[in-house]
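Engineer: What follows is each chain in one-letter form.
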Amino acid sequence: MVTNVEVKPKHQYRGLTQWGRIFRNLGMILPVAIFALLIFTAIFANFLAPFPYDETSLTERRLPPAWVEGGSTKHLLGTDTLGRDILSRAIYGARISLSVSLLAIAITASVGTVLGIISGYMGGRVDAFIMRITDIAMAFPGLLLAILIAVSLGPGFFTVIIALSILGWSGYARIIRGEALRVRNSDFVAQAQVIGVSPWRIMLRHIFPNILNILIIGITLSVGTMILAESAMSYLGIGIPPPMPSWGSMVSDGRNDLDRAWWISTFPGIAIGLVVLSGNFLGDWIRDKMDPRLRQM
Amino acid sequence: MADVLLEGRDLTKHYPVTRGFLQRTVGWVRAVDGISFTIERGKTLSLVGESGAGKTTTAKAVLLLERLTSGTILFEGKDLNLFSQAQLKAEYRPRVQAVQQNPWSSMNPRMRVRDIIGEPLVVNTKQTKSQIRSRVLELLEQVGLMSDAAERYPHEFSGGQRQRIAVARALALNPSLVVLDEPVSALDVSIRAQIMNLLKDLQAQYNLSYLVIAHNLATVRYMSHSVAIMYLGQIVEYGVAEDLFEKPLHPYTKALISASQLTLPEDDTQGAKQIILSGEMPSSLNPPEGCRFHTRCAESGESCSKVVPELRLIGQHWVRCNHYK
Amino acid sequence: MREIILQVEDLRTSFFTRRGEVKAVDGVSFYVREGETFGIVGESGCGKTVTGLSLLRLLPEPAGRIVGGKIILEGTNLMELSKKAMRAYRGRMISMILQDPMTSLNPVYPIGDQIAESVRLHQNLADEHMVEQEVISALRLLRIPSPEMILRQYPFQLSGGMRQRVVGAIAMSCHPRVLIADEPTTALDATIQAQYMALFKDVQQKTNVAIIFITHDFGVIANMCHRVGVMYAGKIIETAPTREIFNAPRHPYTSALINSVPRLDRKDDRLYSIEGQPPSLMNLPPGCRFAPRCTVVQEICREQEPPEVDIGNGHSVSCWKVK
Numbered sequence: 003m004v005t006n007v008e009v010k011p012k013h014q015y016r017g018l019t020q021w022g023r024i025f026r027n028l029g030m031i032l033p034v035a036i037f038a039l040l041i042f043t044a045i046f047a048n049f050l051a052p053f054p055y056d057e058t059s060l061t062e063r064r065l066p067p068a069w070v071e072g073g074s075t076k077h078l079l080g081t082d083t084l085g086r087d088i089l090s091r092a093i094y095g096a097r098i099s100l101s102v103s104l105l106a107i108a109i110t111a112s113v114g115t116v117l118g119i120i121s122g123y124m125g126g127r128v129d130a131f132i133m134r135i136t137d138i139a140m141a142f143p144g145l146l147l148a149i150l151i152a153v154s155l156g157p158g159f160f161t162v163i164i165a166l167s168i169l170g171w172s173g174y175a176r177i178i179r180g181e182a183l184r185v186r187n188s189d190f191v192a193q194a195q196v197i198g199v200s201p202w203r204i205m206l207r208h209i210f211p212n213i214l215n216i217l218i219i220g221i222t223l224s225v226g227t228m229i230l231a232e233s234a235m236s237y238l239g240i241g242i243p244p245p246m247p248s249w250g251s252m253v254s255d256g257r258n259d260l261d262r263a264w265w266i267s268t269f270p271g272i273a274i275g276l277v278v279l280s281g282n283f284l285g286d287w288i289r290d291k292m293d294p295r296l297r298q299m
Numbered sequence: 051m052a053d054v055l056l057e058g059r060d061l062t063k064h065y066p067v068t069r070g071f072l073q074r075t076v077g078w079v080r081a082v083d084g085i086s087f088t089i090e091r092g093k094t095l096s097l098v099g100e101s102g103a104g105k106t107t108t109a110k111a112v113l114l115l116e117r118l119t120s121g122t123i124l125f126e127g128k129d130l131n132l133f134s135q136a137q138l139k140a141e142y143r144p145r146v147q148a149v150q151q152n153p154w155s156s157m158n159p160r161m162r163v164r165d166i167i168g169e170p171l172v173v174n175t176k177q178t179k180s181q182i183r184s185r186v187l188e189l190l191e192q193v194g195l196m197s198d199a200a201e202r203y204p205h206e207f208s209g210g211q212r213q214r215i216a217v218a219r220a221l222a223l224n225p226s227l228v229v230l231d232e233p234v235s236a237l238d239v240s241i242r243a244q245i246m247n248l249l250k251d252l253q254a255q256y257n258l259s260y261l262v263i264a265h266n267l268a269t270v271r272y273m274s275h276s277v278a279i280m281y282l283g284q285i286v287e288y289g290v291a292e293d294l295f296e297k298p299l300h301p302y303t304k305a306l307i308s309a310s311q312l313t314l315p316e317d318d319t320q321g322a323k324q325i326i327l328s329g330e331m332p333s334s335l336n337p338p339e340g341c342r343f344h345t346r347c348a349e350s351g352e353s354c355s356k357v358v359p360e361l362r363l364i365g366q367h368w369v370r371c372n373h374y375k
Numbered sequence: 004m005r006e007i008i009l010q011v012e013d014l015r016t017s018f019f020t021r022r023g024e025v026k027a028v029d030g031v032s033f034y035v036r037e038g039e040t041f042g043i044v045g046e047s048g049c050g051k052t053v054t055g056l057s058l059l060r061l062l063p064e065p066a067g068r069i070v071g072g073k074i075i076l077e078g079t080n081l082m083e084l085s086k087k088a089m090r091a092y093r094g095r096m097i098s099m100i101l102q103d104p105m106t107s108l109n110p111v112y113p114i115g116d117q118i119a120e121s122v123r124l125h126q127n128l129a130d131e132h133m134v135e136q137e138v139i140s141a142l143r144l145l146r147i148p149s150p151e152m153i154l155r156q157y158p159f160q161l162s163g164g165m166r167q168r169v170v171g172a173i174a175m176s177c178h179p180r181v182l183i184a185d186e187p188t189t190a191l192d193a194t195i196q197a198q199y200m201a202l203f204k205d206v207q208q209k210t211n212v213a214i215i216f217i218t219h220d221f222g223v224i225a226n227m228c229h230r231v232g233v234m235y236a237g238k239i240i241e242t243a244p245t246r247e248i249f250n251a252p253r254h255p256y257t258s259a260l261i262n263s264v265p266r267l268d269r270k271d272d273r274l275y276s277i278e279g280q281p282p283s284l285m286n287l288p289p290g291c292r293f294a295p296r297c298t299v300v301q302e303i304c305r306e307q308e309p310p311e312v313d314i315g316n317g318h319s320v321s322c323w324k325v326k
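Residue numbers (our numbering), protein chains in the order written: chain A, 3 to 299; chain B, 51 to 375; chain C, 4 to 326.
Extracted from the complex, chain A is given alone in its bound form (with noise of 0.2 angstroms):
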């Protein structure tokens, strides 16, 4: 006796209105968009930006930008103090910040993940372990140990990869551990041991995916915090040295020069806000989008 599978049939998408549907899709589509442009810039700076990031001009000094009188072409977004092209520095500052934030995301969120599976799933002094140890990492106020560090380190690009993974990874292992628990006390988990998986490939087999769609979430909404947190530790001095631009720095920067030259430090906290704001609302757009499937059976 052979029951016929019947496996359910894609339908296409229909029912919304027009108006519904754009508006449905806006929430992704922009910040997509905004992602997408952040990670062209950053891989093809070097044909896109006018100018070499260092370039200064002593007689092009805090230059306006093209739509303002006493602006140029040549610099559409203005020049900075010492006659440096915001443009260009902006595009290379895309490139050092979206790197930066991307290593220290992978590391962060590679040794939470780890722990927080282990944590999770053992149980138990393990897991009490682990926490305690979170928790320290947690309670240490974030900008003192960034600077403990840039200061013992140097200021560099690694130095500053260095402090915001040890800042990082307390939030992911906590997150991923909750999720560990709930996965570890499902009908599968206990089926799994039945059948005599060993508690490694229940973790890496059975865990791990099930866990998958928080961690993507939380990887998203990642990275428009460590692009602060980066532009952060820039702007007070302790990121990334000169004369590489980073928008932190570029920020602080021009902090002296807001009622004459605002666009320094303007255009490089717009680009902060949209990507911080774009990484935000992606996030939630997956995680709705993650939930409703979850649903679905």
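Everything labelled a hint here was simulated from the structure, so no lab data went into it. Just so you know, even glycine gets a beta-carbon here, dropped at the ideal spot from N, CA and C.
Cβ pair distances, simulated, as ranges:
{"hint": "1", "chain 1": "C", "residue 1": "G163", "chain 2": "B", "residue 2": "D251", "range": "31 to 37 angstroms"}
{"hint": "2", "chain 1": "C", "residue 1": "G71", "chain 2": "B", "residue 2": "S184", "range": "51 to 57 angstroms"}
{"hint": "3", "chain 1": "C", "residue 1": "E131", "chain 2": "B", "residue 2": "T75", "range": "43 to 49 angstroms"}
{"hint": "4", "chain 1": "A", "residue 1": "V116", "chain 2": "C", "residue 2": "S47", "range": "39 to 45 angstroms"}
{"hint": "5", "chain 1": "B", "residue 1": "K375", "chain 2": "C", "residue 2": "D268", "range": "26 to 32 angstroms"}
{"hint": "6", "chain 1": "B", "residue 1": "E191", "chain 2": "C", "residue 2": "D268", "range": "34 to 40 angstroms"}
{"hint": "7", "chain 1": "B", "residue 1": "G92", "chain 2": "C", "residue 2": "M105", "range": "37 to 43 angstroms"}
{"hint": "8", "chain 1": "C", "residue 1": "R123", "chain 2": "B", "residue 2": "P332", "range": "35 to 41 angstroms"}
{"hint": "9", "chain 1": "C", "residue 1": "D271", "chain 2": "B", "residue 2": "K375", "range": "32 to 38 angstroms"}
{"hint": "10", "chain 1": "B", "residue 1": "K304", "chain 2": "C", "residue 2": "S47", "range": "30 to 36 angstroms"}
With a straight-line cut-off of 30 angstroms between C-alpha atoms, the simulated DSBU-like cross-links for lysine-lysine are:
{"hint": "11", "chain 1": "C", "residue 1": "K204", "chain 2": "B", "residue 2": "K304"}
{"hint": "12", "chain 1": "B", "residue 1": "K128", "chain 2": "B", "residue 2": "K176"}
{"hint": "13", "chain 1": "B", "residue 1": "K304", "chain 2": "C", "residue 2": "K270"}
{"hint": "14", "chain 1": "B", "residue 1": "K250", "chain 2": "C", "residue 2": "K270"}
{"hint": "15", "chain 1": "A", "residue 1": "K291", "chain 2": "C", "residue 2": "K26"}
{"hint": "16", "chain 1": "C", "residue 1": "K270", "chain 2": "B", "residue 2": "K297"}
{"hint": "17", "chain 1": "B", "residue 1": "K128", "chain 2": "B", "residue 2": "K139"}
For this one, chain A is given, so just place chains B and C on it according to the hints.
Structural biologist: Chains B and C alone, transformed into the frame defined by chain A:
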């Protein structure tokens, strides 16, 4: 002589209740309190009871998902307490598998069906990928599913189909005993019959033993050779299914049967044929004194609140009741 | 003959999803008299719960909508009421008990408050003391012991059976004319279920309320209901007095369903099982919905939907084999 596959002797599981900052133990939840039973090769034993009776805990103990407080499980005559971890993994686990109640949560939603069914083989045997693949297809056919099911994910199937996949997975290692925890209660009525028929067919074909946990008496009657009725952690009646249903002795058994009967409207004219128990099952933290059932028993007598009844053989089956000596 | 309290005519409810229109209820008609229990029996996905929700106009918007039919409660068509007027009806004239007692009660409010909320909403009582009296009498109606103490307790302090009674008390607190019970006993143990059903019969005798009992359990149907409607894929395919449904089912699905349930009073050698699955409510087959699974199917069954035929004695069937 009956061929006994698994025997449980005086199985007991008490959970500590702790209170306070220092986690002092203030009491014990006596989930399972001295259960003994035998499962014969190729036959089905059902543990019947309502929630809180201890049947799920017993099933978990047999599956080694819970550690017993005391008592012995003998598998093919050998005491499991004397097995090492490695021996349990190599000699016991592959022979004792499970099908769970909820077909929606008992499978990893991220794994394909072929991996779900194949996992026991991957973990326990050294078979090659293609060997496992053909075994998976063989199992799918056994449970009545088409081979293209292998590439799909659980959520693409209905409840009944998922339960079939669960059965296929349970059979992968050629077990001797399958523990089925309410295998059909989450399914639609018309699908239940399909799955129950399938289980019976497989039992005949492979001489499988089943330990079925259930609360639906009609299902139990259809599937079982022997039945143990549980109440508040103890077995109150135990024997061959036919005998127990034809001539129930324990008042609780009688009440359960009465509650599960299909009484048609015309039968009801007499009215009082239904046995309706008062109150609810007490907590296993503080079971009643004497006979644990006396607080709800319609036939409760003088001594029932003082004397603790033993399990006695009356006629063809065992009863734990003060009325039977 | 008792008066007909609720008359449902050609009720149609659909869910509008991204993938299309799901016709959950597709032309359902039945009636209930006062003091009588009408059972709606069917498997999951047949539309019985949606029917119950439709009667109260409690569908999840905007996806769910009643797209046709009349619901006439004591002369008033509920479909014609404004949302505000419907809210006044809900709870007072027609009430509902849901399946899961765990989630039907708000865990952060005491029992008394939850019942009182309903009372205050629908009854214009002079003062709080009278409200409390109503609450206590509702608890007593459901035979809840020590009602004065239960008032102040929280749901987590009560057992499952007791919680279900509290839910019943909330539903009955404003003396509705119709009570819809959606699988209220499914989560209960057998002996508690028996208690509960006896209790319901008692409540019905005292208050003369009409009950619509939605379930998949034939044992409950036999025990509780005077008349039964069997639902399949959004339609009622057979309606009859309970006795007739068991002794003389006319629709192939009804008899197949009854035969696939194991009996306690005899040992079955083999259970009858129905092949296949219920159809998708988005892609309904033409003709009779049960045709793909029917063992006595004919040509015409696959082409046209059978009309409802009254075969007397309050028994009606929708099947081409029955003329």
